[in-house]
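*Asks:* Residue-level listing of the chains:
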Amino acid sequence: MKKIVLLSALFTFLFLSCDKKSDAVEIHNWNFGGRPKLIEFLRNRVTSFEEKHPGINVIQSDKSWNMIREILYADFSAGAGPDVMNTHSNFAAEFGEAGFYYPINKFPDFEQVKEWYIPHLFESTRYKDNYYGLPSSAIAFVLCCNKELFDREGIKPPKTWSQFREAAKRLTKDTNGDGQIDQYGLVLMGGDKGGFAYRTIPFFFKAGADVMSEDLKTIKFNSPQGVAALKLFADMYQIDHSITPGFLAYGHSETNDLVSGDRAAMSIEGPWFRGMVSDKKPGKDIYVVAVPVPDDMIDQYETAPTLQDMVMYSINARSKHLNEAWELLKYLRNEEADMFWITQDLGATATTRKALESQEAKSVPDIQLYINELNHARPWPPHPKMIAIASNVFTPYCQKAIVGELSPKAALDQAAQEAQDIISGKK
Amino acid sequence: MKKATPYLLLIPALLFTLLVLVYPLVQNLINSFSDVSMITGRSGWAGWRNFELVFGDSLFWRSFRNTSVYAVAGTVLALVIGLAFALLLNLKLGKLSTVMSCLYTVPWVISPVVAGFAWKWILNDNFGIINFWFAKLGIATIGTTWLGDPTTALFCVMIARIWQFYPFAMVMFLAGIQSIPQEQYEAAAVDGATMVRRFFHITLPNLKAVTSVLLVLGVIWSFNDFNMVFVMTRGGPMNSSMVLPVLVREFSFVHFDLGRGSALSVMIFGLLTSLSFLYLKILGKNETA
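Residue numbers (the working numbering), protein chains in the order written: chain A, 1 to 427; chain B, 1 to 289.
A few of these clues could be false.
[Said to hold, decoys possible] Think about it this way: if two alpha-carbon atoms lie no more than 30 Å apart in a straight line, the pair counts; the simulated DSS-like pairs of lysine-lysine are:
1. A/LYS156 to A/LYS169
2. A/LYS280 to B/LYS136
3. A/LYS362 to A/LYS385
4. A/LYS128 to A/LYS52
5. B/LYS136 to A/LYS169
6. A/LYS320 to A/LYS147
7. A/LYS281 to A/LYS147
8. A/LYS320 to A/LYS128
9. A/LYS281 to B/LYS285
10. A/LYS173 to B/LYS136
11. A/LYS280 to A/LYS362
12. B/LYS2 to A/LYS284
13. A/LYS220 to A/LYS409
14. A/LYS217 to A/LYS106
15. A/LYS128 to A/LYS156
In case anyone wonders, no lab produced these hints; they're calculated from the structure.
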């Protein structure tokens with residue numbers, strides 16, 4: 001009997017000591033990727049949000065950027081997923097069409113919030129008539145040049161394709177005299193299908209090629225301008241041998257290692273690259289310039305578009321706490337928060353007018369170049385199948401052309417046919 | 001009541017098995033005959049269409065060929081290496097044998113993902129230790145591409161797989177060798193048999209059962225191996241090292257076509273189930289022998 005009384009007392013104690021069910025609303029925020037500084041900033045931001053909103057409890061999880069699409073697809077299709085998350089802005093089309101994202105233009109103060117941002121960047125979050133997120137890190141793809149190698153060779157960063165090819169040729173050499181090439185003009189990221197597409201398409205855009213027609217019904221990347229862009233890479237690889245031979249296996253870390261280790265002179269990158277290189281090799285400097293243009297377009301060097309990419313913060317359409325999620329979204333991405341993108345090197349460009357026009361912005365390295373490039377840059381066309389086409393069709397065919405398995409024209413024609421079948425629903 | 005107790009006690013385990021094994025299998029089978037998109041969900045019965053799509057895809061045949069080479073050649077080579085090391089360890093060199101047997105089993109206990117990343121760096125064209133040593137020996141140069149070359153990528157992943165599997169084969173072979181009656185060797189020695197003849201006429205025949213079990217197990221495990229290939233090459237470059245388990249992921253989570261992914265996984269399941277029956281048959285035969 002004593003035992004029963006003791007056990008009952010123990011259970012009662014345990015039951016009473018359990019937390020009383022909180023009245024606070026719980027919302028989940030998933031942060032994909034980001035440098036440690038950004039993750040720390042977001043955690044602090046969430047803490048201060050909770051202090052200002054005692055009725056809202058935020059559960060923050062950090063996840064890998066590499067599997068973002070698979071993770072979100074799996075969760076969304078199961079009716080789950082976080083309330084708030086950061087994603088690619090080009091997911092707006094794919095996830096917006098699927099009904100996974102909540103259209104933030106439905107919130108009453110949307111128009112006021114929209115005013116915080118640079119208009120053309122904000123437009124990247126739109127799909128059809130709806131906006132699916134608040135802009136975060138803007139990215140314009142540029143050419144990063146190893147300053148030491150360029151200075152040693154006495155050449156300037158290229159502006160035209162001829163200069164680009166010539167620079168790559170001159171910077172491809174045997175540096176230790178053992179008869180083997182150990183320094184290459186250009187490194188391409190070929191081991192990451194998406195990463196490869198993002199690094200080659202800026203050359204297509206600079207040459208005036210389109211990916212799709214404006215009505216998003218016809219694939220157009222196999223235009224003569226597109227073929228010329230791909231031929232440039234194929235010639236550099238097959239004739240000049242100025243592209244690293246192992247590029248098909250490279251991801252971020254390999255390209256960074258090659259540039260930091262003076263084994264490669266150029267890489268097509270974005271605002272993250274300066275920080276990555278200096279993290280790897282403190283003191284290492286790079287020239288950051290616009291992606292070169294075809295020779296006959298030199299007058300458009302500063303205005304021809306590169307690829308624009310962006311991160312945005314979105315809300316799950318199935319969130320049970322839409323208003324609380326919207327409050328968090330605004331708090332994470334308001335003008336005050338965006339200043340952190342100016343005062344710290346987060347590997348991306350700020351997106352609000354206030355941050356970009358601030359006094360502090362003037363001392364940020366390369367910012368004027370990025371602002372200028374972003375003013376003219378174009379995102380991938382907002383088609384729900386675009387990401388899949390870029391990674392699974394465009395990349396493999398372009399790689400075949402570069403290594404010589406197919407001619408650039410044949411590769412792009414075959415890729416275009418396959419992509420056309422996808423968008424027309426045949427495949 | 002007493003009679004029912006054992007069955008009642010089995011219920012939790014049965015329920016667990018139903019939940020984590022039978023339910024996913026049945027669901028996968030249903031998906032393979034359905035139009036399933038991760039966006040729209042199941043939209044209807046597809047009959048054999050998903051299977052036809054898989055069979056009609058040239059990438060499937062390429063992956064099938066790669067997987068077969070990876071599984072069969074990789075396992076055979078791992079067995080040869082495992083046997084060689086088992087013979088070495090059987091020389092009974094005192095404490096040295098103990099130390100060496102511990103060292104040789106290290107690859108087996110390392111997680112395949114960690115091993116995959118380690119091999120990726122070992123084989124790195126510019127900073128990898130392989131090229132460093134090969135350059136010193138004059139075999140290759142710094143910058144020689146291994147994982148980035150479509151002709152060598154699959155072979156490199158296979159080496160990593162062999163490196164991981166051979167310790168298991170070694171341990172099994174060592175146990176097999178040590179269970180061979182010494183009298184057979186003594187009789188052969190009296191008859192003047194050389195070491196080579198003893199190996200081919202005593203050791204190898206006695207290891208027949210272990211070898212068949214290892215061969216079947218090795219092929220099953222390698223056929224099903226996702227981690228090593230995914231970490232090292234993701235099936236690239238240009239699909240040159242694409243294997244069936246990675247292709248299932250491509251269909252299901254890159255193209256988000258669960259129907260096609262399920263159809264392929266049902267095919268792999270069927271093949272591996274047949275191999276498992278073969279394994280059980282061999283095992284049963286060995287036990288009765």
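*Asks:* State the violated hints by number, sorted upward, taking the hints as numbered earlier in the document.
*Replies:* 3, 4, 6, 9, 12, 15
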